[in-house]
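There are 2 protein chains.
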Amino acid sequence: MLQNEMTELLHIQYPIIQAPMAGGVTTSTLVAEVSNNGGLGMIGAGYMSPVQMREQIREIRELTSNFFGVNLFVPEEFDMTENEINTAEQLLQPIREQLHVEDKLDIPTFSKVTETFHEQMKVVIEEEVPVCSFTFGIPSKEMIKELKEHNIILVGTATTVKEAIEIEKCGMDIVVVQGSEAGGHRGTFLAGEKESLIGLMSLIPQVVDQVKIPVIAAGGIMDGRGLMASICLGAMGVQMGTAFLTCEESGANKLHIKEILHATEDQTALTRAFSGKWARGINNKFITEMKQHEGSLPDFPVQNSLTKTIRKASFSQNNRDYMSLWSGQSPRLAKRQTVKSLIHNLMTEVDKFNKD
Amino acid sequence: MLQNEMTELLHIQYPIIQAPMAGGVTTSTLVAEVSNNGGLGMIGAGYMSPVQMREQIREIRELTSNFFGVNLFVPEEFDMTENEINTAEQLLQPIREQLHVEDKLDIPTFSKVTETFHEQMKVVIEEEVPVCSFTFGIPSKEMIKELKEHNIILVGTATTVKEAIEIEKCGMDIVVVQGSEAGGHRGTFLAGEKESLIGLMSLIPQVVDQVKIPVIAAGGIMDGRGLMASICLGAMGVQMGTAFLTCEESGANKLHIKEILHATEDQTALTRAFSGKWARGINNKFITEMKQHEGSLPDFPVQNSLTKTIRKASFSQNNRDYMSLWSGQSPRLAKRQTVKSLIHNLMTEVDKFNKD
Chain A
438 MLQNEMTELL
448 HIQYPIIQAP
458 MAGGVTTSTL
468 VAEVSNNGGL
478 GMIGAGYMSP
488 VQMREQIREI
498 RELTSNFFGV
508 NLFVPEEFDM
518 TENEINTAEQ
528 LLQPIREQLH
538 VEDKLDIPTF
548 SKVTETFHEQ
558 MKVVIEEEVP
568 VCSFTFGIPS
578 KEMIKELKEH
588 NIILVGTATT
598 VKEAIEIEKC
608 GMDIVVVQGS
618 EAGGHRGTFL
628 AGEKESLIGL
638 MSLIPQVVDQ
648 VKIPVIAAGG
658 IMDGRGLMAS
668 ICLGAMGVQM
678 GTAFLTCEES
688 GANKLHIKEI
698 LHATEDQTAL
708 TRAFSGKWAR
718 GINNKFITEM
728 KQHEGSLPDF
738 PVQNSLTKTI
748 RKASFSQNNR
758 DYMSLWSGQS
768 PRLAKRQTVK
778 SLIHNLMTEV
788 DKFNKD
Chain B
438 MLQNEMTELL
448 HIQYPIIQAP
458 MAGGVTTSTL
468 VAEVSNNGGL
478 GMIGAGYMSP
488 VQMREQIREI
498 RELTSNFFGV
508 NLFVPEEFDM
518 TENEINTAEQ
528 LLQPIREQLH
538 VEDKLDIPTF
548 SKVTETFHEQ
558 MKVVIEEEVP
568 VCSFTFGIPS
578 KEMIKELKEH
588 NIILVGTATT
598 VKEAIEIEKC
608 GMDIVVVQGS
618 EAGGHRGTFL
628 AGEKESLIGL
638 MSLIPQVVDQ
648 VKIPVIAAGG
658 IMDGRGLMAS
668 ICLGAMGVQM
678 GTAFLTCEES
688 GANKLHIKEI
698 LHATEDQTAL
708 TRAFSGKWAR
718 GINNKFITEM
728 KQHEGSLPDF
738 PVQNSLTKTI
748 RKASFSQNNR
758 DYMSLWSGQS
768 PRLAKRQTVK
778 SLIHNLMTEV
788 DKFNKD
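Chains A and B supply the protein sequences, listed in that same order. Using my numbering, the letters of the first sequence map in sequence onto residues 438 to 793. Using my numbering, the letters of the second sequence map in sequence onto residues 438 to 793.
Next up, chain A with everything else stripped away, as it sits in the complex (with noise of 0.2 Å):
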C-alpha cells in the first residue's frame, strides 16, 4: 500500500513529498533530510534566479545521493491597469512609511518573467535534477518534451479534477491534488477561486476515478493519520508543507514558525494581498485592512514585487502585522521538531495502523 507506483517513479522509501515553498523556506538541509529520511525534498525555486537555482541543486547534491526536485512557477499573461496599480500604492504607501522602507518600483514585464522560467528549465536540464514540479499551470509542449528527452519525472499541481485531467494530457507522470485545507499559494489555473476551494475528502476519490497517473494529496496532512486517510481515498501519496515548514532544517524566519505553533484551525484565511494570487495564512493586521480592496489590486507577480519591500521589513523587524504568514488549516498539528523526527513518528504510527 506505501510501496507504489509514485514511489518507485520518484526512488523513495516513504510516500511523503516535502511541499516546495518558495521563499528561502526550502533550505539546503531541509530538501536533503527530506530526502536521506525516505522522503522527497523539494526546493521551492519559484522565485529564484536562475544562478541561485543552480547552487542550491549543487549545494544539495554535497549532502545527498538520493533523488529530490525542484519546483517552478509557470508564468501566465497577467493584466496591470494604472488603476490597480495606483489602488495598490496608496494602500502600501502608509505601510511603507510606517516599516521605514523605500519601494523599489520593479515592476515585472511576462517577457522578462517567461525569460527567467526559460533559464530555470535550463538549469533543471543542465544540473540533471530527477523531478520537477509546476505550480500555476503547465509548461509549453515543447518545453514538456524537452525535460521528458531528459528523463526528469514532472509532477503538476491540480486544485480541481479539470486541472488534473489537463495535467495528465499533456504528458505529466504525477499529479498533486491541492485541498481547500492547504497553506500558501492555491496552485489554480483554470477555475476560479471559489470554484476551486474543493476539500481533499471530496477532491481526491473525484481525481482519483478520473486520472490513470498517481495522485498526491496536498492540503493540512501533518502526520500518519494524514497520510493513511490520502491513502484510504486513493492517492498514492502525501505533499506536506506546513509540517516540514516548523521543522528545526527549515529556513522560515523564526516568529511565522512561533505564529503557526500558537495558531488554531479557525485563524487562516485566504488573502490575494500578499502577491496578487491566493493564497492561505495565518490572518493579521494586512490581510484585514486589505480585504475590502482585494478585487482591485493588480495580478500575480506585480502585486508580490510592490509588497516585496514590505514583506522583507516586516520579517527583519519581527512584525507579524506585515508578513505573510502561509499555514495550511492544521496549525494545531504543527511541531518543532527534526525532519528525521517527523518522519519518523509519522511512519510509526502508520504502522501501528496496519498492525491494528
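Take the hints with a grain of salt, since some may be wrong.
No farther apart than 25 Å at their CA atoms in a straight line, the calculated lysine to any residue pairs in the SDA-like style are these [stated by the list, open to error]:
1) A:LYS728 / B:LEU707
2) A:LYS728 / A:GLN535
3) B:LYS695 / B:LYS749
4) B:LYS789 / A:LYS722
5) A:LYS722 / A:GLY460
6) A:LYS631 / B:ASN721
7) B:LYS599 / B:GLU630
8) A:LYS631 / B:LEU528
9) B:LYS649 / A:ASP788
Label pairs and their calculated CB-CB ranges [to be verified]:
10) B:ASP646 / A:ASN791: 19 to 27 Å
11) B:GLU731 / A:GLU726: 43 to 51 Å
12) A:PRO531 / B:GLU731: 50 to 58 Å
In case anyone wonders, no lab produced these hints; they're calculated from the structure. Where a beta carbon is used, it is the ideal one built from N, C-alpha and C, also for glycine.
Chain B: place on chain A using the hints.
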C-alpha cells in the same frame, strides 16, 4: 475498528448516519430503510411542526424497530432591520412576479421560533425517540438535562474545534464535525463564516485531539473510501447527506437529484441568499444574482421565510434557477440507487480495504 463506542451507543451495525436533511428529503421510507440496513436514519425536522413530527415518528416506528433519530434547529436570536427586509423584498419581488407567486409575508419572531422548538423537544421526549441531534447551536442546560433524564442520546454539530469542545462540555454524547465540503446549511454557531470553513482532512484530527466523546465526520463522504479515510483521521463514523439525497427512497425533488447526478465538484457555491444562513448548493441564477447583496439580507429564519414561496414555486415549476439545490462537494460520486445498495456497496468496499 468499525464497531466502536459510537455504534454501541447508537445500537447500529455500521458507523453510518444518514444526515438529517430538512425540507422533505427524509421520508419515513428513507429513514426506516437506513435503520433497517444497519445505519442510523434521521428525520430532518428543523422546519416541521410538532404535529408533523409526531406523525412521521409514528410512521417510522411502523417501518422499523431499530434506532433512528430526529434533528432540530436550535433557535438563535436574529437581527432584522427594516432596511434588510426592504432590500430583500426589492430583490425578491421581480422573481415572485416571474414565477407568478405572491408573497405571504409571514415574518417569524424569536419567541415564536423558540416556542416551536420547545414543542418539538416535547414530541421527542413523549415519543421516546432514541437519538436527538442539533444544528445551529446548543440547547439550554435545562433542556439537555431533561432530554438526558429520558435517556435520549444527544448529538451536536460543530464546524470548528471550539464548537466541538462546547458541545462536549454541555454534556452531549456525540459530536458531528461538519467539514467545508458539506452540502446544505453550515452548522456554525460560534465562529464566523470564513473561519469555520475547515476541510475534513484538517478538522477531524484537530477535533479528535481535543474531545473525548465520539466524533462523526460529515462533508463530501459518499463511499467506502470516505468512511475509511474518516476512521483513519480519528472519527468513529460518518454522516452522509448528498449520498442519501439521491437515493430512490429520498423525498428530494427529482430535478434536484438530476442536477446533483450531473454536477461536477467545482459547481457548488456557498450562499446565504436562500435562508439567511450560509449553505452549500449547486450554483444557479439565484445564487449568482444575489451574490453582491448577500451582506445586506436579513438573518435566518427571516430570509428563509421571505424566499419560501419562490423556492416552492421553482420546485413545482421545475425551474432550477431559483431552487435551493443543496449538494456537498462530491457530486461526481453520487448515484441513483436504493439505500440498501448504497450501504451494501459501501461496506463491501470497506471489507475489501481491510483485506488488502
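We went through each hint and held it up to the structure:
Distance restraint check for LYS728 of chain A and LEU707 of chain B: the Cα-Cα separation of roughly 18 Å lies within the 25 Å cut-off, and the hinted pair is therefore satisfied. Between the alpha carbons of LYS728 of chain A and GLN535 of chain A the distance comes to roughly 20 Å, so the proposed pair stays at or under 25 Å and holds. For the hint linking LYS695 of chain B to LYS749 of chain B, the alpha-carbon distance of about 18 Å falls within 25 Å, and the restraint holds. Between LYS789 of chain B and LYS722 of chain A the CA atoms are separated by roughly 50 Å; this puts the pair beyond 25 Å, and the hint is violated.
Taken as a hint, the LYS722 of chain A and GLY460 of chain A pair is honoured in the structure, with Cα atoms around 21 Å apart against an allowance of 25 Å. For the proposed pair LYS631 of chain A and ASN721 of chain B, the alpha carbon gap of about 14 Å is at most 25 Å, so the pair holds. Pair hint LYS599 of chain B plus GLU630 of chain B holds up; C-alpha atoms about 14 Å apart against a cutoff of 25 Å. A C-alpha spacing of about 24 Å is found between LYS631 of chain A and LEU528 of chain B, which places the hinted pair at or below 25 Å, so the restraint holds.
At most 25 Å may separate the alpha-carbon atoms for a hinted pair to count; LYS649 of chain B and ASP788 of chain A meet this at roughly 24 Å. For the pair ASP646 of chain B and ASN791 of chain A, the supplied restraint of 19 to 27 Å holds, since their beta-carbon distance comes to about 21 Å. Hint check: GLU731 of chain B to GLU726 of chain A, Cβ distance near 22 Å, so the stated range 43 to 51 Å is violated. Restraint check, PRO531 of chain A to GLU731 of chain B: a C-beta distance of roughly 30 Å breaks the suggested window 50 to 58 Å.
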